[in-house]
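2 protein chains.
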Amino acid sequence: MEKLRNGYLFPEISMRREAHQKKYPDAKVISLGIGDTTEPIPSIITSAMAEYSLALSTPEGYQGYGPEKGQKSLRKAIAEKIYPNMGITDTDVFISDGAQCDIARLQMLFGRDVTIAVQDPTFPGYVDTGVIMGQTGAPDESGRYAGIEYMRCAPENAFFPDLATVPRTDVIFFCSPNNPTGHAASRDQLRQLVDFARGNGSIVVFDSAYSSYVSGDQLPRSIYEIPGAREVAIEISSFSKFAGFTGVRLGWAVVPDELLYADGTSVARDFDRVVCTTFNGASSVAQVGGLACLETEEGREAVRRVVGKYKENTRVLVDTFTALGKEVYGGDDSPYVWVRFPGQRSWDVFGEILEKTHVITVPGSGFGPGGEGFIRVSAFNSKEKVVEACARLTSFLA
Amino acid sequence: MEKLRNGYLFPEISMRREAHQKKYPDAKVISLGIGDTTEPIPSIITSAMAEYSLALSTPEGYQGYGPEKGQKSLRKAIAEKIYPNMGITDTDVFISDGAQCDIARLQMLFGRDVTIAVQDPTFPGYVDTGVIMGQTGAPDESGRYAGIEYMRCAPENAFFPDLATVPRTDVIFFCSPNNPTGHAASRDQLRQLVDFARGNGSIVVFDSAYSSYVSGDQLPRSIYEIPGAREVAIEISSFSKFAGFTGVRLGWAVVPDELLYADGTSVARDFDRVVCTTFNGASSVAQVGGLACLETEEGREAVRRVVGKYKENTRVLVDTFTALGKEVYGGDDSPYVWVRFPGQRSWDVFGEILEKTHVITVPGSGFGPGGEGFIRVSAFNSKEKVVEACARLTSFLA
Chain R
1 MEKLRNGYLF
11 PEISMRREAH
21 QKKYPDAKVI
31 SLGIGDTTEP
41 IPSIITSAMA
51 EYSLALSTPE
61 GYQGYGPEKG
71 QKSLRKAIAE
81 KIYPNMGITD
91 TDVFISDGAQ
101 CDIARLQMLF
111 GRDVTIAVQD
121 PTFPGYVDTG
131 VIMGQTGAPD
141 ESGRYAGIEY
151 MRCAPENAFF
161 PDLATVPRTD
171 VIFFCSPNNP
181 TGHAASRDQL
191 RQLVDFARGN
201 GSIVVFDSAY
211 SSYVSGDQLP
221 RSIYEIPGAR
231 EVAIEISSFS
241 KFAGFTGVRL
251 GWAVVPDELL
261 YADGTSVARD
271 FDRVVCTTFN
281 GASSVAQVGG
291 LACLETEEGR
301 EAVRRVVGKY
311 KENTRVLVDT
321 FTALGKEVYG
331 GDDSPYVWVR
341 FPGQRSWDVF
351 GEILEKTHVI
361 TVPGSGFGPG
371 GEGFIRVSAF
381 NSKEKVVEAC
391 ARLTSFLA
Chain C
1 MEKLRNGYLF
11 PEISMRREAH
21 QKKYPDAKVI
31 SLGIGDTTEP
41 IPSIITSAMA
51 EYSLALSTPE
61 GYQGYGPEKG
71 QKSLRKAIAE
81 KIYPNMGITD
91 TDVFISDGAQ
101 CDIARLQMLF
111 GRDVTIAVQD
121 PTFPGYVDTG
131 VIMGQTGAPD
141 ESGRYAGIEY
151 MRCAPENAFF
161 PDLATVPRTD
171 VIFFCSPNNP
181 TGHAASRDQL
191 RQLVDFARGN
201 GSIVVFDSAY
211 SSYVSGDQLP
221 RSIYEIPGAR
231 EVAIEISSFS
241 KFAGFTGVRL
251 GWAVVPDELL
261 YADGTSVARD
271 FDRVVCTTFN
281 GASSVAQVGG
291 LACLETEEGR
301 EAVRRVVGKY
311 KENTRVLVDT
321 FTALGKEVYG
331 GDDSPYVWVR
341 FPGQRSWDVF
351 GEILEKTHVI
361 TVPGSGFGPG
371 GEGFIRVSAF
381 NSKEKVVEAC
391 ARLTSFLA
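Chains as they are written, first to last, in UniProt numbering: chain R, 1 to 398; chain C, 1 to 398.
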C-alpha cells in the first residue's frame, strides 16, 4: 500500500473541486471531469426495477441469493445481444457490479507473481490494483512502477504500440475505445494484439466499457470479433456508460470456455471460484434493470438514444477545440475528447482551466506518464452545460 | 488457486441438491441449508427503493456515481442506530455490497505476507480468500492450510479458544454470533479477545453479520461495546440477514479512526484507497433500501418483525433436535442450530438426511475440521416448511 503514494485520480480531482468551490462560492462549476453519466435512465428500465423492488415484499416475488455469476436470463441476453455470432454463450458470461470491480477480481485470480502490460495512457485501475496485489516495484519519478510494461499509445503511433518491441508479459490490459484517448482500435490492430498474445501465451484483458460509443460498422466493438480471440482474451464491460448505471452498478466479464492455462486447465473455472468466494452477485434489482436494457427492441432503442445524446455533446467538444486550433483526438468512438497542450503539464492545464473557467477536466498524466501534456474532456453532462463550458473555454483559450 | 482444490461449500451443496432432485423428481426438497432469507422485505423498504428507481428516469432524481464509501446519510444512520454510544462516526463506516465482499477487500488490504487466525469452525470465506491471496501453504488431509492458525471453538471450551495457547498472528477473523455454531461471544470473551489483540498488535476483523439475532441485552452485539476495541478492531456486517437483502446486496465495514498500524499511520486511509480502487460503491438502489431500514422507527420495527419470524423457526428446530436427544447448540442468538452426531462424518449425515427426508442441511466440516461430526441447520425458511422438515427429521431420526 505504501507504494501507492498518490491518491486515486478521481477522489483527488474531487478534492480540488471542493477547494475551488470554497474559494469561489458563487462560481457555477461545470464538470467535464470524471466520466459520470447525467442523463436520466429510460423509464422502460426503471419501471422494471421498481416493479421488481415492490415484488420483493410479496411471497411470490421475493428472491434471496441469486447465482454468484448472475441470472441466466441476463447472461443469455448479453451473449446474444452484445456478442452475436461470436461464439460466446451464457455460461461464458459473469455478471458483476462493474468493470472496475472485475479488474480487482481478475487481479486476485492472477495473483502477485504475474507480469502485466498496460497501455500508456490508460484507465488507472489496472496498474493500481496490480500495485495493491504486490505485482510491482516502486514508482519512478514519472510515476512508472517497476515491473509493469507501459505500452505507449500516442498520436505518433496511431495510439497502438509497436508490438515487436513490447516484451512478453503474462497479462495485457487493453482498453478500447481507450479511456482516456478515445481511440478505438482497428480490426487490424486487434488482430495484431491477439496474434501477439497467442504467440506469447499471454492473457488479454480487453476492457470494452465504451464499446457502445463506437460509430459505424467498421471498427470492432468486441475483441471476440477477431478470430482466435476466445482462446486468449477475457472481456470486461459495463452498463455504466452504456445505460447510465454508474450509480445502479452493473457490469460483466466474459471468460470463454476456450481460454486455458498453459497446463490445459480452465481459466473460467478458477474465475468462477474467485467470484463465488469474493462476491455474492450483483444486486438483483440492477440485474433486472440490465435485462430491461437488452431484452426488447424498445429497451435497446431507449439506451441507444441516451448514448446518442452524449455523442452530440462529443461533437460540440471536438468542434470547439478544433476551432481553437488544438490537436484533438477521440470523440468519434468514445465519450472522451483528448486534447493536447504542447509543452504544458497536464495538472497545470487542469488548474488554469478550472481557475479561469470553472470547468473541471481530467489531467492526462493521471492516466499514466504518456498522458502528460494532454487533458481529457468528458461528454457526460447535459447539452446545455457542455455548450456553456465550451463558450467559457473558447473565451479563455482563444 | 491450485491449493483451493475443494469447491466452495455452497455451490457444492447446490450441486448435490440438483443431483438429488434428478434422482427423486417428485420429492419436495426443503432447504435448511445455505443461510438464504425467504421472508418478503417489508414494504416500507421496497417502496423507498421503487420510488428511487422511478426517479432515476427524471432529471431531478437521476444520480450517477455516489461516493465510493457510500451515501453519508446511510453511514450516519448506521453509526447512530447500530453503534449508539460506541464512539463510531459516519466517517468510520464504509458501505459495501456485503460482508463477503468486504472480507475480500480487507484481504487485498492485508496482502500476501500477513498471518491470520480463524475460529474453527467458521465461515469459510476468511480462509478461502486468504488462500487466494497466497497467504497459506498447502492443505493437510483434514483440510487445514499451513500457515493459518485454527482456533478450535467447541462445546468443550464454551466455543471460545484458550488464548494463552494461541500464537500471535497479524489478523484474527472472529465471527460472533458465530456461523455455523450459533454461539454469541460473551462480554468477557470479547474483552479477552480485545486484550489479546492489543497485547500482540493484531487486528481483529469482527464479523457481526448475525448480530440482530442476539437475544436479550446481556450479550454484546458489536465489538465496539468493549472498551479499547476501536484501536484494534474492524467490524464487518450486512443487511443480508438483518433485512432480507441477500439478493439486494448491502453491507458495511467499520474501520475506526483510532485503528493504526504499528508505524502510527491510519488503516482507514489505506482501506479507503482499496475501496476507491477496487469498488465503485454499493448499488444506489440498495443504499436507499438500507436507509429505509434504519431511519424511522417504523422501518426498524418492520425489520425486527422479520428477524422475529426466523427466531420462531429457530425455536422449533432447537425443540425438535432436543426432543430427539441430540446435543444442540446455537439458536438462541443466531438463525443457525448446530447439532452433534457423535462418531459420524458430517457429509455422511448430510447425505443420509437428504436421502431419507429430502431436507438440505450443511455439513459442519464445510466450516473447518473442527466442524466434523456436526451439521448446521438454518432457520431461513417459512414456518410451514420448517415445521414440515422437523416432522420428517423426527420420523427419520427418532
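Among the hints, erroneous ones may be present.
Since the list gives no way to pick out one identical chain from another, each pair is judged satisfied if it fits inside one copy or across any two copies.
As the list claims (entries may be wrong) - Straight-line alpha carbon distances no greater than 25 Å define the calculated SDA-like cross-link-like pairs of lysine to any residue that follow:
1. LYS385 / ALA138
2. LYS385 / ALA158
3. LYS72 / ILE30
4. LYS3 / ARG315
5. LYS356 / GLU384
6. LYS326 / VAL214
7. LYS3 / LYS309
8. LYS23 / ASN157
9. LYS23 / SER266
10. LYS72 / VAL166
11. LYS76 / ALA138
12. LYS28 / ARG198
13. LYS72 / ASP36
14. LYS3 / THR115
15. LYS311 / GLU355
16. LYS3 / VAL114
Derived by calculation from the structure, the hints in this document are not laboratory data.
Consistency of the hints with the structure:
1. LYS385 / ALA138: Intra 41 Å, inter 58 Å, cutoff 25 Å: neither.
2. LYS385 / ALA158: For LYS385 and ALA158, neither the intra-copy (31 Å) nor the inter-copy (64 Å) Cα distance is at most 25 Å.
3. LYS72 / ILE30: between (41 Å within a copy, 23 Å between copies)
4. LYS3 / ARG315: neither (39 Å within a copy, 52 Å between copies)
5. LYS356 / GLU384: Classified as within; 19 Å inside a copy, 68 Å across copies.
6. LYS326 / VAL214: within (23 Å within a copy, 65 Å between copies)
7. LYS3 / LYS309: neither (40 Å within a copy, 50 Å between copies)
8. LYS23 / ASN157: Neither. Shortest intra-copy (41 Å) and inter-copy (62 Å) distances fail the 25 Å Cα cut-off.
9. LYS23 / SER266: Neither: 56 Å inside a copy, 29 Å across copies.
10. LYS72 / VAL166: Answer is neither; intra-copy 39 Å and inter-copy 45 Å both fail.
11. LYS76 / ALA138: Cα proximity of LYS76 and ALA138: none, with 43 Å in one copy and 37 Å across.
12. LYS28 / ARG198: neither (51 Å within a copy, 50 Å between copies)
13. LYS72 / ASP36: Result: close only across copies, 19 Å inter versus 29 Å intra.
14. LYS3 / THR115: Close inside one copy (17 Å) and across copies (21 Å); limit 25 Å.
15. LYS311 / GLU355: neither (27 Å within a copy, 60 Å between copies)
16. LYS3 / VAL114: So LYS3 and VAL114 pass the 25 Å test inside a copy (18 Å) and across (17 Å) alike.
Taken one by one, the earlier hints fail for this structure at numbers 1, 2, 4, 7, 8, 9, 10, 11, 12 and 15, listed in ascending order.
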